[in-house]
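Novice: Using the sequences and the hints given, assemble the complete structure.
Protein chains: 2
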Amino acid sequence: MAKKLRKRLVIIGAGFGGLNVALRLARADYDIVVVDRTNHHLFQPLLYQVATAALAPEDIASPVRKILREHENTLVLMSEVLRVDVEAREIHLHNHAPLAYDLLVVATGARHSYFGKNEWEKFAPGLKTLDDALTIRENILVSFEHAELCDSHSQAQTFMNFVVIGGGPTGVELAGVIAEIANHAMLKNFKRIDSRNARVYIVEGADRLLPTMPPELGKRAQSDLERLGVEAITGKMVTEINAEGVLVGERLIRSTNIIWAAGNQASPVLRTLGAQMDRQGRVVVEPNLSIANHPEIFVIGDAAHCKTKDGAPLPGVAPVAIQQGRYVAKIIGENLVGKQTRPFKYRDNGTMATIGRSRAVAQVFGMKYDGFLAWCTWSMIHLMYLTLYKNRARVLIEWMYGYITGQRGARLIRRASEEESTKSRRAS
Amino acid sequence: MAKKLRKRLVIIGAGFGGLNVALRLARADYDIVVVDRTNHHLFQPLLYQVATAALAPEDIASPVRKILREHENTLVLMSEVLRVDVEAREIHLHNHAPLAYDLLVVATGARHSYFGKNEWEKFAPGLKTLDDALTIRENILVSFEHAELCDSHSQAQTFMNFVVIGGGPTGVELAGVIAEIANHAMLKNFKRIDSRNARVYIVEGADRLLPTMPPELGKRAQSDLERLGVEAITGKMVTEINAEGVLVGERLIRSTNIIWAAGNQASPVLRTLGAQMDRQGRVVVEPNLSIANHPEIFVIGDAAHCKTKDGAPLPGVAPVAIQQGRYVAKIIGENLVGKQTRPFKYRDNGTMATIGRSRAVAQVFGMKYDGFLAWCTWSMIHLMYLTLYKNRARVLIEWMYGYITGQRGARLIRRASEEESTKSRRAS
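So the sequence lines, in the order shown, correspond to chains A and B. Counting from 1 along the first sequence, just add 11 to a position and that's the residue number in the working numbering. Counting from 1 along the second sequence, just add 11 to a position and that's the residue number in the working numbering.
Because the hints were derived from the structure by calculation, they are not lab data. Check the hints yourself; a few may be wrong.
Same chains, same label: a pair holds when it works inside one copy or across any pair of copies.
Here are the simulated DSSO-like cross-link-like pairs (lysine-lysine), alpha carbons at most 27 Å apart as the crow flies [what the hints assert, rightly or not]:
id: 1; residue 1: 199; residue 2: 230
id: 2; residue 1: 350; residue 2: 139
id: 3; residue 1: 379; residue 2: 133
id: 4; residue 1: 379; residue 2: 356
id: 5; residue 1: 139; residue 2: 247
id: 6; residue 1: 199; residue 2: 128
id: 7; residue 1: 318; residue 2: 202
id: 8; residue 1: 230; residue 2: 18
Specialist: Set out below in structure tokens:
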């Protein structure tokens, strides 16, 4: 059976950007290969809910090959891309022969960056993958377990100090939820400690929380957090993180539970494209999201530095990646690669962040919301976006359950006690 | 506020045995301390469903301190017990000072045993904990991913050979479900391999499957499994397990995916009790489940060798542990420790095993069932037992979804591709 030899489109990364390219090209006349390091697409905006034991990993992740199962033209490979050879037009994989492409979409996302202080990572894990989320979840839960085991009050308190570094949406959401866990979910679960003695700190280098949102929403977020018992430290930089805790300026906050939500660094694979890059390791893209001199290569999502009119790059959020994925799919699907096209333009429908169990701040379609109404809007929008997952109903059930009872449904610690000895030693 | 100094009851292990002691003594006049290595009670009979991606860990596990939250007299500690000092009447913990007891219940369960061949473990993980289940789940899913990446047919087949060692209920259930995954859940998910080419083998040293159940049920299980494409090898011993595969007698089955469901070994902590032990490391208990010369120490569940009239010990199954836990709680609650009491007697309500998606064999209240009716019975009984978990509704939804669609809801691989290089190398 002789098949027509079709051009091959390789998509690296099955996040919001890459997946949306593939989804829109279900019937396109290409051999499409989607390569991802993991086997799942992740609904990253809700990752902090896995990290804080409200949702299970299965609620916000779905196997890529299951999502693309009906796409006859699409092959899914679980592999790590080592580098791109732009001259030979092939990608090098760690457990497979090089794979040639005619067109390439690079949607490799970002990891957290420690601004050169990589030694901080072991004390302050970041939140990008399911594995990250489960690590943070276990650290939080294990901390309370350790505190319950302490015979000294001050040692117990060290286990109950939580520091979130970074005052963007992720940091604000994490700080709020940890405070809720201490004040509600854990209540009455312990006999020797009072979980309400937990102290949550959020540290932001800019002079207010949510620096990318309008000032009044940042202020509102701060007062909402303070009502939950969170101490916000703004306008101060973290100078050191070690086994003892966090040094903010001259002040030492003793803690064994530090979460990094501050900086991003794009994937190292991007360096092999030979294109211009910014300080965060993102590739500076052309108005049509391709790279200079290589109209056959597109870079989208958190991997791309896409200039706006005022010169600032677009933010690394899901809606940008989704719209860019659809834009590139249109160019490819309509055979406009290398041709003059209308530049990519981001439609900003708003940003939002939840605070604790039932509050949020939001800027949607130009209007600003806060409080319970904003939280409802936030919940609706996130449920709508969860269409790819059969678990929408489950997430709704979990949220309703959590809202009504203040409990959290996913409080499992996978690690057994003996594996925890390292952490225990750090604090003693 | 001077409190009356109460006697302290320490319970080691929060499985079916230990938890049932604690549950029945909610209002007893004791200081109760429950110590477990993990933070959760696990519904172990459904663990193979987590291992085979039908259920999420959260569906079958619940935090111990949440279950016992309303018990004013009960403290829960997450810690590893190193040894028991029966003379000083205290237990030694790895991250806490020794803990004195007046009464002790040891319900430490069992791990799998490799009959002295511990080097087999890395090639053939067993299934006892949530961590085990997630490891096996990831191995199964990653195997198909590796097969899809293979350019050679024979190499791909190695990744698609699955060997289950042990033909008891767990082995039979695992083999059936893996065959279902290959024949249904994975169908159309891959483009280069046909998941139906997967071969599943089950190896049992006795001359038939399910040797502890009546012969006709073992035969029925074997024919049901064979209809699903499983090859049953009975009456043969495994002589070697290594990176290439399994040697059964003289026959080599090439496989990178081997699961151990054969032997059990009780916890090493039991050795420190100084009591008589059997070959599997279980403590031989008195008729009232205490140990000789120490009426204050009880051993129950998989940790106990409890003789029956015909001389054989009771099997290591949940109903035995539950009934023993309740029996010991009664002795303690009614202040009968050290006194003459009616010996423990096990009420055997039956045994069962599921085969694939909608079949089972069961012996319940003396009657033998097989086929769909047995499967319904199995489902009902397991749902009834899940009372401790709020997730009963979720499990039901997952089962219905799985039954109707043949899909599996929990197909996540936590590990990213690069971490897989070891396994990949083994097979190349």
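Novice: Decide, hint by hint, whether the structure agrees.
Specialist: For each hint, the structure was consulted:
Within a single copy, residue 199 and residue 230 get their C-alpha atoms no closer than 32 Å, and across copies no closer than 51 Å, so neither meets the 27 Å cut-off. In this assembly of identical chains, residue 350 and residue 139 lie within 27 Å of each other by CA distance neither inside one copy nor across copies; the values are 36 Å within and 59 Å between. In this homomeric assembly, residue 379 and residue 133 never come within 27 Å of each other (Cα to Cα): the closest approach is 38 Å inside a single copy and 56 Å across copies. When the C-alpha separation of residue 379 and residue 356 is checked against a cutoff of 27 Å, the pair qualifies only within one copy, where the shortest distance is 23 Å, while the shortest distance between copies is 68 Å.
Within a single copy, residue 139 and residue 247 get their C-alpha atoms as close as 24 Å, which meets the 27 Å cut-off; across copies the closest is 48 Å, which misses it. Taking the shortest Cα distances, residue 199 and residue 128 never come within 27 Å of each other, neither inside one copy (39 Å) nor across copies (45 Å). For the homomeric pair residue 318 and residue 202, neither the shortest alpha-carbon distance inside one copy (55 Å) nor that between copies (38 Å) is at most 27 Å. Taking the shortest alpha-carbon separations for residue 230 and residue 18, neither the intra-copy value of 52 Å nor the inter-copy value of 54 Å comes in at or below 27 Å.
Checked against the numbered hints given earlier, this structure breaks hints 1, 2, 3, 6, 7, 8; the rest are met.
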